[in-house]
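Model the placement of chains B and C on the given structure of chain A, informed by the hints.
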Amino acid sequence: MQGELIKRAVGLMENGTVNRVLGWRRGEFVYDITPSVFSDKDDLEKNFVYNEFCGNNLSRYLVQESEKEGKIAVFLKPCDTYSFNQLCTEHRIKRDNVYIIGIECYGKTSADLLREKGISAILDAKNNNGTLIVETVYGEKQIPMMDVMAERCVSCKSKKHVIYDELIGEDGGVLDSHRFDQVEEIEKMTAEERFNFWRGELSRCIRCNACRDVCPACTCEKCVFDNPKSGIRNKGAADDFEENMYHIIRAYHVAGRCTDCGECSRVCPEHIPLHLLNRKFIKDYNELYGPFMAGAEIGQVSPMCDFTKEKDAEPSIVQKGGAE
Amino acid sequence: MQRIGVFVCHCGSNIAATVDVEAVAAAAKKVPGVVFSADYMYMCSEAGQALVKDTIKNEKLTGVVVCSCSPHMHENTFRKAASSVGMNPYMVEIANIREQCSWVHKDRELATQKAIGLMQAAVAKVQLNAPLTAGTTPVTKRALVIGGGIAGMQAALDIAEAGFDVDIVEQKPTIGGKMAQLDKTFPTLDCASCIVTPKMVEVAQNEKVHIYSYSEVTDVRGFVGNFTATIKRKARYVDEKKCTGCGLCTEKCPMRKVPDEWNMNMGKRSAVYIPFAQAIPKVATIDPRYCLHLTKGTCGICSRVCEAGAINYQAKDEFIEEKYGAIVVATGYEMIDPGAYDEYAYTQSPDVVTSLEYERLMSAAGPTGGHLVRPSDGKEPKKIVFIQCVGSREEDSCKGGKPYCSKVCCMYTAKHAILTKDHYPDTDITVFYIDVRTPGKLFDEFYRRAVEQYGVHYIKGAVGKVVPNPVTGKLEVQGADLILNEQVHIDADMVVLAAAIEPSRSARQVATMLTASMDTNGFFTEAHAKLRPVESPTAGVFLCGMAQGPKDIPETVGQAGAAAAKVIGLLVKNELTNNACVAHPDEWMCNGCSQCEKVCPYGAITYVEKEFKMPDRTKKMRRVAQVNEAVCQGCGACTVTCPSGAMDLKGFSNSEIMAEVDALCR
Amino acid sequence: MQVNENENWKPKIIAFCCNWCSYSGADLAGTNRLSYPAEVKIVRVPCSCRINPMFILRAFGRGADGVIICGCHPGDCHYSEGNYHTRRRMTLLFSMLNYLGVESARTRVEWVSAAEGQRFVNVMNSFVQDITELGPNRRLEDLRCREN
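Protein chains in written order, with this note's numbering: chain A, 1 to 324; chain B, 1 to 666; chain C, 1 to 148.
So that you can see chain A by itself, here it is in the shape it has in the complex (with noise of 0.2 angstroms):
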């Protein structure tokens, strides 16, 4: 597949339709990938890597190079594509700047999901029909994808494109997904477990920020917590609370905007499962208020913006949990 897309963004740059492609460049081993512009055909050819760990959502370097003179041609898996309509919804996105080329997707992994199975020395992976045959150092080795993909994957909400200029591959359906069994298997628990489950998570928070710098919602020209003006700037927290406090307000600020694209689960060097916050709150909005899935369609209200006079829940809905 990768030649394939090789030879589309070579294509479309020199046919003029594009200068540049925004997509994943090779790094030393096969699962380091790093999001790259090329701009230079030869480099494209050589650099540009598209395999089982390319799991990097690229709409969010949208919003930055559609700013750009001309034309960025952009691979977008089903899931990225929400991202680049909930951006294009909220203006964030010059859609005219941006050919979008879909592409399938069936399921990412990581190096550090593959060592949690025991493979380490990758030299190659490749997925062949639900299977994933690694090479190593030690020789091959097969494993069912499903035990080694990311969480996000394993429950993958669409094979939808929602937006694209040209297709490479097919396009799917939204799936019927039980991404949300996570969250009620913790909102199952005492308050007393949740809440250890969740100091246990958070504790090993070291406040890098990267779910931040790599959340498509995250896309504020001043994130709240860099700007002095807001009263709630930290960079490094000066105590616990200001810690979790973080979290919170990360998940809340996105809420009604999150794609559920687990970007944030993916790239968390402590593997604090993010995302079941923001899936927390999906959930609840979409129990409550009715169905809706941020990026769907552009131009959508977020259900955040809106509400109903008579039919919206009473916050004492929520459970007077407490004194257990």
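If a hint is listed, it holds; no wrong ones were tucked in.
Listed next, the in silico SDA-like pairs over lysine to any residue satisfying Cα-Cα at most 20 angstroms (straight line):
(1) C:K10 with C:D130
(2) A:K71 with B:R622
(3) A:K222 with B:R623
(4) A:K229 with B:G651
(5) B:K620 with A:H91
(6) B:K610 with A:H91
Per label pair, the in silico range of CB-to-CB distance:
(7) A:H178 with B:T515: 41 to 51 angstroms
(8) C:R33 with B:P615: 51 to 61 angstroms
(9) A:N286 with B:E395: 31 to 41 angstroms
(10) A:D32 with B:D616: 29 to 39 angstroms
(11) A:K160 with B:W588: 31 to 41 angstroms
(12) C:T31 with B:V451: 43 to 53 angstroms
The hints are simulated quantities; they were obtained by calculation from the structure and are not laboratory data.
From the three backbone atoms N, C-alpha and C, an ideal C-beta is built for every residue, glycine too.
Same frame as chain A, but now just chains B and C:
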């Protein structure tokens, strides 16, 4: 660094009895930034204010905290005082240590501690306060009146009298409204058209008033002082400027079977018509639903007979745009269709009529020339039954009934009874009522005259059924007399239904355009039911007449005058002072995401593409939010929606509120 | 239930009140001399929709044990729609706090009109009682306690 003065009020013993005011003043001295503190018996008194003013001058204060009663009581007092000595009024904050401290807590120590906390929070806020200046917006000195009935006409005349231009937009071909259709008015029985037609002429002749008849307002944008309305001038197919109102076309028009709405559809008119002799403007209108030329392409007689050459079959709807400073809503009322009340046989017999139809039958300008006859056979009715509250005061609204009292029915029914008896003394009249409601000057006397002098039978009770008898042609009325507790049967010649009054069907659309609120019954709501009865909650929009609720003519005229006075009060100003505590975006932080625009209840936020000089000296077009300070009311909904925190509220900024929170949590 | 080590412990309560209804309701409680605990301290905001979840977290961060939000009854907002926004925002925020295992009774939204002085007092009494029973707010502060 701020230099803050703290002034602690005893409020006699109201505060001092529970709060140790001296301790509060002493504690204030220890708060960083506070350079002066004092306590005083009555801070709001002349002497107290003088203390504040003198201290501001002598101590060169930059901010003031007054620990006293609720800001709702005296915030303005102290802001004015500060302002009089050159301090920005928004540098004054109140710590509410009376209503929210001394009056609700009994323990002196706890109350004193809390008062100190409240003082510290107010100081923390003043520390961050910035001087605010309310902006101003110019006022367009022209008013729009929607509706050309007696309410609209009176409002327009009063506004014009003060020297301002007024436009009346009326959807019918003539102004005059429902009042022009009435025969006589209660309780004086003077002729309605004798008083309303001169009013219409006065409107037409007033050079400050411009009438857009046969027109509708289709769009209103803008805000108080600066509305822009789009008026649709419906195609009349007759050039208003050329038409002399001679009426030749209406005489020659061969299509004469059009139900005459002016006569409540009881008579017929031609397809080209002038609603009535005194119509204003007195120009013909072609009804495109019936005109043979417009429907079939034939005829064309009117065009041939018109000497002025005013007929224009090619006319199209025109749209004009005009700017206004204020808008008066005078959309009036309609009567409900009593057809749903099948028991009264309104749809079964032409001799069952509504009061407004009865009014036309009584009128000398009506379909019978004022000769009261049964619509079915043209015979004079000898027995008439009036049924009150048809659809009024009814909880069950499935038939279109209304929970409210329509207010004018009791009086006009008494009027109908008296007038009928005056003209035809041998007529037997019975009125079925729930209650007779006659509050008003000379109203009860009038009703008593009907009963005592004219011998009108008033029966407290309901009518169960009206059955038209095809053989006798009579209407068999079966009712109950609740006082005598017996059944009543009357063979009536006519039945008159006092159908409920409801807001004009066009009112909802007008309300939506103006973002003016309506109550559950579709009447326009007032800004305050008691204190601001002719103002809509939407600034710059005023109400009068039945649009606001059922009322009679003198009340309507009074309300129209009041609305006009409010309009004049607005239009005499050259500019309006805005709310100073408005939302304000930091353009550099604005993402241009439009979320704030979606939550603003006033439409105060718009987005513009603006050029910015970037730090690297390049220029960049960025989409940023802009707040119209004349429209923003300062609720703050946008500030919470803004993901980047670019939107903040002046006077209640994020950092100010958080400083208060911090101080109170200390 | 957490046990209060200190019998005399008093909670810190921040009450955000909208200027038009609830703040006036609180004033009316004062005018009628209806008493409620002195732990309740009111922050005046123009409308309940001005209350940013940040403010609530900030209050907790600075040691508040309970935060209550008071606005006009739905349908009565001075700004016609503000409290509808508040209703959604706070429902979702509270749900999130609950999800994190923080006692959701520490936060509350109550609609109090300018005429409801007595209701304001009842609401505050019940809220203070709830918070007193819950004891000092530890969980929110502890949410990121490193493993000891």
